[in-house]
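So the sequences go chain by chain: S and A. Counting in this note's numbering, the first sequence runs from 6 upward without gaps. Counting in this note's numbering, the second sequence runs from 285 upward without gaps.
What the hints contain is simulated information worked out from the structure, not anything from laboratory work. Beta carbons are placed, not taken as given, at the ideal position from N, Cα and C, and that holds for glycine. One or more of the hints may lead you astray.
In silico DSS-like links for lysine-lysine, alpha-carbon gap of 30 angstroms or less [what the hints assert, rightly or not]:
1) Lys202/S to Lys570/A
2) Lys202/S to Lys794/A
3) Lys447/S to Lys700/A
4) Lys734/A to Lys836/A
5) Lys808/A to Lys778/A
6) Lys172/S to Lys836/A
7) Lys826/A to Lys412/S
8) Lys124/S to Lys111/S
9) Lys572/A to Lys196/S
10) Lys848/A to Lys124/S
11) Lys172/S to Lys570/A
12) Lys736/A to Lys756/A
13) Lys836/A to Lys447/S
14) Lys124/S to Lys847/A
15) Lys168/S to Lys80/S
16) Lys404/S to Lys447/S
17) Lys378/S to Lys362/S
18) Lys836/A to Lys404/S
Derived DEER-like restraints, expressed as beta-carbon distance ranges [what the hints assert, rightly or not]:
19) Arg7/S to Glu428/A: 33 to 41 angstroms
20) Arg7/S to Arg750/A: 17 to 25 angstroms
21) Ile896/A to Asn82/S: 24 to 32 angstroms
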Amino acid sequence: MRDTDTITAISTPQGEGGIGIIRISGEEAINIGSQILRHPSGKKIITWPERQVRLGLAVFPDGSVIDEVIYFLFKNNRSYTGEDVLEIQGHGGLQNLRKILNSTLKAGARLAEPGEFTKRAYLNGRIDLAQAEAVIDLIRSRTDLAHKAALTQLRGDLSTVIKEQEKKLMEILVPIEAALDFPEDEIPDLKREEALKIVEGAIFKINELLANADQGMILRDSATVVLAGRPNVGKSSLLNSLLGEERAIVTPIPGTTRDFVSEVIDLNGVPVRLIDTAGIREIEDLIEKAGVERAWEIIKQADLILVVLDSALGITPEDYQMLNQIKERVPIIILNKTDLPSQISFKEIKKEFPQNKVLSVSALTGAGIKELKSFIREELIGTNISEEHPFLVTRLRHKEALEEACKYLRFTAEGITSHLSEDLIAVDLRAALEALGRISGKSVSEEVISQIFSQFCIGK
Amino acid sequence: MKKIYDVAVIGAGHAGCEAANAVSKMGFDTLLLTLNFNNIAFMPCNPSVGGPGKGNLVREVDALGGLIGRITDLAHLQMRALNTQKGPAVRAFRAQADKHLYQQCMRNYIEKQPLITIKQGKVSSIKRIKDHWCLTLNTGVCYEVSAVIIATGTFLRGKIHIGLFSYSSGPQGQHPAISLAESLEAQGIRFKRFKTGTSARVRKRSLDFSKMIEQPGDWLPHGFSYWLPWEPREPVSCWLTYTNQKTHEIIRNNLDVAPMYCGEITGTGTRYCPAIEGKVVNFPHKDKHQVFIEPEGLNTDEMYIAGLSSSLPEEIQDQFMRTVPGLENVEIVRPGYAIEYDVISPDQLLTSLQIRDWPGIFCAGQINGTSGYEEAAAQGIIAGINAGLYLRGEEPFVLKRNEAYIGVLIDDLITKENNEPYRVMTSRAEFRLSLRQENADLRLTDYGYKFKLISEADYQFFRTKRERIQEKLRFLEGNNLSPGSEEAEIIQAKTGLKIQQTTNLKQLLKRPEINCAIIREAFKNGKDELTNEDEVIENLIKYEGYLEREAKMAARLQKTEGKKIPVDFDYSQVPNLSFEAREKLMRYRPETFGQAGRISGVSPADLSALLIWMTRSRKK
Ligand SMILES: Cc1cc2nc3c(=O)[nH]c(=O)nc-3n(C[C@H](O)[C@H](O)[C@H](O)COP(=O)(O)OP(=O)(O)OC[C@H]3O[C@@H](n4cnc5c(N)ncnc54)[C@H](O)[C@@H]3O)c2cc1C
Ligand SMILES: Nc1nc2c(ncn2[C@@H]2O[C@H](COP(=O)(O)OP(=O)(O)OP(=O)(O)O)[C@@H](O)[C@H]2O)c(=O)[nH]1
Ligand SMILES: [Mg+2]
Numbered sequence: 006m007r008d009t010d011t012i013t014a015i016s017t018p019q020g021e022g023g024i025g026i027i028r029i030s031g032e033e034a035i036n037i038g039s040q041i042l043r044h045p046s047g048k049k050i051i052t053w054p055e056r057q058v059r060l061g062l063a064v065f066p067d068g069s070v071i072d073e074v075i076y077f078l079f080k081n082n083r084s085y086t087g088e089d090v091l092e093i094q095g096h097g098g099l100q101n102l103r104k105i106l107n108s109t110l111k112a113g114a115r116l117a118e119p120g121e122f123t124k125r126a127y128l129n130g131r132i133d134l135a136q137a138e139a140v141i142d143l144i145r146s147r148t149d150l151a152h153k154a155a156l157t158q159l160r161g162d163l164s165t166v167i168k169e170q171e172k173k174l175m176e177i178l179v180p181i182e183a184a185l186d187f188p189e190d191e192i193p194d195l196k197r198e199e200a201l202k203i204v205e206g207a208i209f210k211i212n213e214l215l216a217n218a219d220q221g222m223i224l225r226d227s228a229t230v231v232l233a234g235r236p237n238v239g240k241s242s243l244l245n246s247l248l249g250e251e252r253a254i255v256t257p258i259p260g261t262t263r264d265f266v267s268e269v270i271d272l273n274g275v276p277v278r279l280i281d282t283a284g285i286r287e288i289e290d291l292i293e294k295a296g297v298e299r300a301w302e303i304i305k306q307a308d309l310i311l312v313v314l315d316s317a318l319g320i321t322p323e324d325y326q327m328l329n330q331i332k333e334r335v336p337i338i339i340l341n342k343t344d345l346p347s348q349i350s351f352k353e354i355k356k357e358f359p360q361n362k363v364l365s366v367s368a369l370t371g372a373g374i375k376e377l378k379s380f381i382r383e384e385l386i387g388t389n390i391s392e393e394h395p396f397l398v399t400r401l402r403h404k405e406a407l408e409e410a411c412k413y414l415r416f417t418a419e420g421i422t423s424h425l426s427e428d429l430i431a432v433d434l435r436a437a438l439e440a441l442g443r444i445s446g447k448s449v450s451e452e453v454i455s456q457i458f459s460q461f462c463i464g465k
Numbered sequence: 285m286k287k288i289y290d291v292a293v294i295g296a297g298h299a300g301c302e303a304a305n306a307v308s309k310m311g312f313d314t315l316l317l318t319l320n321f322n323n324i325a326f327m328p329c330n331p332s333v334g335g336p337g338k339g340n341l342v343r344e345v346d347a348l349g350g351l352i353g354r355i356t357d358l359a360h361l362q363m364r365a366l367n368t369q370k371g372p373a374v375r376a377f378r379a380q381a382d383k384h385l386y387q388q389c390m391r392n393y394i395e396k397q398p399l400i401t402i403k404q405g406k407v408s409s410i411k412r413i414k415d416h417w418c419l420t421l422n423t424g425v426c427y428e429v430s431a432v433i434i435a436t437g438t439f440l441r442g443k444i445h446i447g448l449f450s451y452s453s454g455p456q457g458q459h460p461a462i463s464l465a466e467s468l469e470a471q472g473i474r475f476k477r478f479k480t481g482t483s484a485r486v487r488k489r490s491l492d493f494s495k496m497i498e499q500p501g502d503w504l505p506h507g508f509s510y511w512l513p514w515e516p517r518e519p520v521s522c523w524l525t526y527t528n529q530k531t532h533e534i535i536r537n538n539l540d541v542a543p544m545y546c547g548e549i550t551g552t553g554t555r556y557c558p559a560i561e562g563k564v565v566n567f568p569h570k571d572k573h574q575v576f577i578e579p580e581g582l583n584t585d586e587m588y589i590a591g592l593s594s595s596l597p598e599e600i601q602d603q604f605m606r607t608v609p610g611l612e613n614v615e616i617v618r619p620g621y622a623i624e625y626d627v628i629s630p631d632q633l634l635t636s637l638q639i640r641d642w643p644g645i646f647c648a649g650q651i652n653g654t655s656g657y658e659e660a661a662a663q664g665i666i667a668g669i670n671a672g673l674y675l676r677g678e679e680p681f682v683l684k685r686n687e688a689y690i691g692v693l694i695d696d697l698i699t700k701e702n703n704e705p706y707r708v709m710t711s712r713a714e715f716r717l718s719l720r721q722e723n724a725d726l727r728l729t730d731y732g733y734k735f736k737l738i739s740e741a742d743y744q745f746f747r748t749k750r751e752r753i754q755e756k757l758r759f760l761e762g763n764n765l766s767p768g769s770e771e772a773e774i775i776q777a778k779t780g781l782k783i784q785q786t787t788n789l790k791q792l793l794k795r796p797e798i799n800c801a802i803i804r805e806a807f808k809n810g811k812d813e814l815t816n817e818d819e820v821i822e823n824l825i826k827y828e829g830y831l832e833r834e835a836k837m838a839a840r841l842q843k844t845e846g847k848k849i850p851v852d853f854d855y856s857q858v859p860n861l862s863f864e865a866r867e868k869l870m871r872y873r874p875e876t877f878g879q880a881g882r883i884s885g886v887s888p889a890d891l892s893a894l895l896i897w898m899t900r901s902r903k904k
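Work out the full structure: start from the sequences and follow the hints.
Here it is in structure tokens:
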């Protein structure tokens, strides 16, 4: 597979059953077009005007007609992929489109891999990495909210916010650097108060982005929530009840679940990976033992732990031991089987485990399940999701870059107030800008130099 | 007639002299060729050496055993310390040199080198004959050598413009080198066209200094060179005056005869020393521009006008200069001009400054697309050393970006698309705090000694200095200042600082009001050695945190710099490379992974694609 091949695919937009689109992208697009398209009169097409809708016939390379179509051409400097793109709209069902696709393949195109058009756009510098990543996220997004987050990133909202701050910070850095390099030219002195305001403004903006970065990352990657507890407390029953389908096997025999069961659910827009694990107990049986070990692995890595207790049995020494073992992780306690006569009350548990949140449910009757769902969602992502604070940061890479930028901006602010020399302030400011550049793709040092010369009249 | 040398250096400019000196000191028979024996180390432009970045280069060349620092010290007319308030990384000396004295000192020095033979002559071709190179002069003389350093400056197909009048020429009316360029081109070397310019020279007697601001020099405790005893001179002043709206109007009205604006000049010029035409056009709302009047030498009435570089017709230059206060009655000796010339596309160069696939042929100086005496000197010494190592069959000497501005300069040259003559700037150096002007010897003199460019005696002097610095650092680390002590009282009297609790001297030195001299006075310890040891120690201690950060960065750089890319690596195989990156990588052929990442157009994502591919194909 080569990035220089001309690629082709059916890319029918959703919701338009009647028409289908075939896209061809690459150097050979026009050449392929002239092999598989004809004038309505049947003549060969000689001229290929750009961005004009034309009527034509799709044919096999041998000339036999497949369909009447509409086609248009985007030249490389204007197309999505940055290459020549030919779009062909045919009617009818999949059968018909497949024939046209086949014809493009015979004419020398290669079938595109999933996401390859976007990859071309990225490789040709049409979209930046953040946007390319967003397209991939968009394709894979599991819930509406996640879809929205990916869309805002694709629109370049994150890049916009960052570029705005970069621009402001450059306004401080460029005169500092210019003055350092050209001391005998007339360059205005650093105005420390103004500079400080800009730096603090940037810190504020970045912190705003970071404030919901963890949630943003959950939206992209989905959080893992594990159901843990002794055998037979009803973990698998709870999983099924939360999913609304009989996914895991449920029996009255302790030790039913041997390996883990995992499923993604959509909690009102938040994608959550629920994992049901083997009941934890000391056991000789090798298979179950392996299951228990695995359960522990999963518990360790989960974003949220739900420890299920059997209210009809009360808290057993094993329950105590387990809760104690994962005390630091502050698991949520789920008191199950509340439809049965209880050995222990909600109040008593609260008293026993004051650090932990406790919820009563019945997997059997479904009581408390709705509350459990909104509880999990809130634990993961909070309550204040609104249109005004869209999730712009959804990747660890971006989050880390922003945190680093923030750190160096704090140093910069300190340096400005404590009257540090300008070469040192510049070092911190540059480090911050470089961190931001990891998201925006800007190279600080080239930018600085070109701005020095465009802003100041330098040189003897 | 045929003569044999180990190495020939074509050009006795600032690059050529350094190169010849370096390679001859390594023990090789060196032929130094120049178009004109009178014009050795000629300064065709501003007679000024140093400044931020450039001063660091001068010190680095000096620390390696080069010449520019010592010759400048000998020939200086005034010295200034720049950026003294802006921080240690950017402090820099700048010297005005006596142009004629500079040439004379350089010539004397070169003439004393036993292994250098100087010849006036014009090389018209370089040809490979079996395992050596044959240089032919236009007179037909032929030299047989094993290595060549091409340091021909702005002479290759030079063309001078003054107004609409233009002619083939080297700088300041010297001969151009045309057949050499043609011979190289015919053998596949690619050139591009750059342009630079200079301003008119005028008679001192025609200037009215009472209308200008005097710019006296500073008395400095030491000069550029680490090795010469510093003999400061009575500084000779420069003068400052300004252009005005009238000046600008004349220029604006004559753009149709300005070769830069009427299409006569196609070569690209610099943004950092623009002609006055450029300044007026690009910054229309600036109502005045600085003009510095600088002496060309002690024994001449000629003065240099910095800031009015121009290639307008001579009579227009005369007209606009007369509008500048103090220049009303100006007598022009030589008009300003622009010069276009060939530079080698630097994507053909290796980090050693050898031309790729031309074993033993090195290039240095303005021919590589740089500008400035310091940049030329820096490349000259490196090309000289590498020619020597080549002759010995050893690995080339490559300075890293965290070791020297020289490293930054050469690395930038061969990885960046330079669309204008390249000048060092401190903002190009990501290790700026480590690459200070004062510590160049500590960074580089060991290398200079290893290559025998530093004499035994100088090296001994350096080692003693280094040991003294270590000793002083140990003293600071190992001693405290206690409240109420005699020393504490002296310090309080000097600085007003009241010592409340026992403080380690190193910590004490971190305070802004404390310096080495004060501590020395309080502790009556040691004497001032009149080298720059205090400055070294103060910078090391005061900026410790920042320096540590750079050291960490440098360690990271080392990792990518250590990853070599095979010379014949096939980039067309690598999936997921952006097309721009692929094209650039194929053209620049970086030697290391680190270099690949610095090529403009190669993004971090491209780099990871490359890395993944390289690791994968190595496993196979
Ligand atoms: C008009 C002008 C304006 C400038 N303005 C500035 C400025 O404002 N700021 C700045 O920093 N720098 C400026 N420079 C640049 C600075 O002068 C050079 O960068 C520096 O001199 C380059 O040194 P070099 O050793 O590479 O070349 P040069 O000093 O030019 O030396 C070239 C040498 O090569 C010899 N040579 C050439 N061809 C042959 C041949 N075929 N055979 C034998 N010998 C040959 C010549 O005789 C000469 O000795 C200017 C240069 C010029 C010409
Ligand atoms: N009455 C009542 N019974 C329940 C409830 N939840 C689970 N059960 C029963 O408890 C038994 C065990 O349920 P599972 O869901 O298999 O329990 P588990 O925790 O997954 O058990 P292991 O997989 O063995 O660890 C089954 O018989 C369920 O029907 C509940 O809320 N009320
Ligand atoms: Mg189960």
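Hints, one by one, checked against the model:
{"no.": "1", "hint": "Lys202/S to Lys570/A", "in the structure": "holds, 28 angstroms"}
{"no.": "2", "hint": "Lys202/S to Lys794/A", "in the structure": "holds, 28 angstroms"}
{"no.": "3", "hint": "Lys447/S to Lys700/A", "in the structure": "holds, 15 angstroms"}
{"no.": "4", "hint": "Lys734/A to Lys836/A", "in the structure": "holds, 27 angstroms"}
{"no.": "5", "hint": "Lys808/A to Lys778/A", "in the structure": "holds, 14 angstroms"}
{"no.": "6", "hint": "Lys172/S to Lys836/A", "in the structure": "holds, 28 angstroms"}
{"no.": "7", "hint": "Lys826/A to Lys412/S", "in the structure": "holds, 21 angstroms"}
{"no.": "8", "hint": "Lys124/S to Lys111/S", "in the structure": "holds, 23 angstroms"}
{"no.": "9", "hint": "Lys572/A to Lys196/S", "in the structure": "holds, 23 angstroms"}
{"no.": "10", "hint": "Lys848/A to Lys124/S", "in the structure": "holds, 28 angstroms"}
{"no.": "11", "hint": "Lys172/S to Lys570/A", "in the structure": "holds, 24 angstroms"}
{"no.": "12", "hint": "Lys736/A to Lys756/A", "in the structure": "holds, 29 angstroms"}
{"no.": "13", "hint": "Lys836/A to Lys447/S", "in the structure": "holds, 23 angstroms"}
{"no.": "14", "hint": "Lys124/S to Lys847/A", "in the structure": "holds, 27 angstroms"}
{"no.": "15", "hint": "Lys168/S to Lys80/S", "in the structure": "holds, 29 angstroms"}
{"no.": "16", "hint": "Lys404/S to Lys447/S", "in the structure": "holds, 17 angstroms"}
{"no.": "17", "hint": "Lys378/S to Lys362/S", "in the structure": "holds, 14 angstroms"}
{"no.": "18", "hint": "Lys836/A to Lys404/S", "in the structure": "holds, 22 angstroms"}
{"no.": "19", "hint": "Arg7/S to Glu428/A: 33 to 41 angstroms", "in the structure": "violated, 49 angstroms"}
{"no.": "20", "hint": "Arg7/S to Arg750/A: 17 to 25 angstroms", "in the structure": "violated, 56 angstroms"}
{"no.": "21", "hint": "Ile896/A to Asn82/S: 24 to 32 angstroms", "in the structure": "holds, 30 angstroms"}
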